[in-house]
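Residue numbers 501 to 607, in the numbering used here, belong to the letters of the sequence shown in order.
Errors might be hidden in some of the hints.
What follows is a set of in silico ranges between Cβ atoms, one per label pair, in the way DEER data are often shown [said to hold, decoys possible]:
1. 535 x 604: 23 to 29 Å
2. 566 x 514: 43 to 49 Å
3. 556 x 596: 23 to 29 Å
4. 585 x 560: 16 to 22 Å
5. 561 x 606: 50 to 56 Å
6. 536 x 606: 39 to 45 Å
7. 555 x 596: 20 to 26 Å
8. 566 x 535: 21 to 27 Å
9. 573 x 525: 22 to 28 Å
10. 511 x 553: 17 to 23 Å
11. 606 x 529: 51 to 57 Å
12. 604 x 529: 16 to 22 Å
13. 550 x 606: 48 to 54 Å
It should be emphasised that the hints constitute simulated quantities derived from the structure, not laboratory data.
We put the CB at the ideal spot given by N, CA and C, even for glycine.
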Amino acid sequence: MSNERPRAVPTVQIDNPRLRVTLWRFAPGASTGFHRHEFDYCVVPLTTGRLRIEEGGETREADLTAGHPYYRNAGVEHDVINATAAEFAFVDIELKEPADTSPRPLS
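Given these sequences and hints, build the entire structure.
What follows is the structure, encoded as structure tokens:
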């Protein structure tokens, strides 16, 4: 029997030069697979549940609440696993480049 976890299902909803928005759906026990975040990002949970995070040789659990987002800087390397007995889903918003904040004429 294989020890490999089922994979979470990503659906890219927006992808442009400034940001990428991805809906992630996890069956119970499903994982993203180990990956690195190349951009700053915000996660908005759509459901309430517990995720197991494998990062830097350590494992921790995080309780997430629907509608309560969190933010992390680029460079995070981890695997995210659904530790809830039901489906878990979140939206991942990656900030690919900063907004242009240079002054503009009012005309």
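Evaluated hints:
For residue 535 and residue 604, the Cβ-Cβ distance of about 37 Å falls outside the hinted range of 23 to 29 Å, so the restraint is violated. Taking 43 to 49 Å as the suggested C-beta distance range, the pair residue 566 and residue 514 does not conform, at roughly 21 Å. Checked against the hint of 23 to 29 Å, the C-beta distance between residue 556 and residue 596 comes to roughly 25 Å, which is consistent with it. Here the CB-CB span from residue 585 to residue 560 is close to 19 Å, well matched to the stated 16 to 22 Å.
Restraint check, residue 561 to residue 606: a C-beta distance of roughly 51 Å satisfies the suggested window 50 to 56 Å. In this structure the supplied range 39 to 45 Å holds for residue 536 paired with residue 606, their Cβ-Cβ distance being about 42 Å. Against the hinted window of 20 to 26 Å, the Cβ-Cβ separation of residue 555 and residue 596 comes to about 22 Å, which satisfies the hint. Between residue 566 and residue 535 the C-beta distance comes to about 23 Å, which sits within the given range of 21 to 27 Å.
In this structure the supplied range 22 to 28 Å holds for residue 573 paired with residue 525, their Cβ-Cβ distance being about 25 Å. With their beta carbons about 21 Å apart, residue 511 and residue 553 fall inside the hinted range of 17 to 23 Å. The hinted window of 51 to 57 Å between residue 606 and residue 529 holds, with their beta carbons roughly 55 Å apart. Evaluation of the 16 to 22 Å hint for residue 604 and residue 529 yields a failure: the beta carbon distance comes to about 50 Å.
At about 50 Å, the beta-carbon gap between residue 550 and residue 606 stays in the expected band of 48 to 54 Å.
Hint compliance for this structure: hints 1, 2, 12 are broken, all remaining hints hold.
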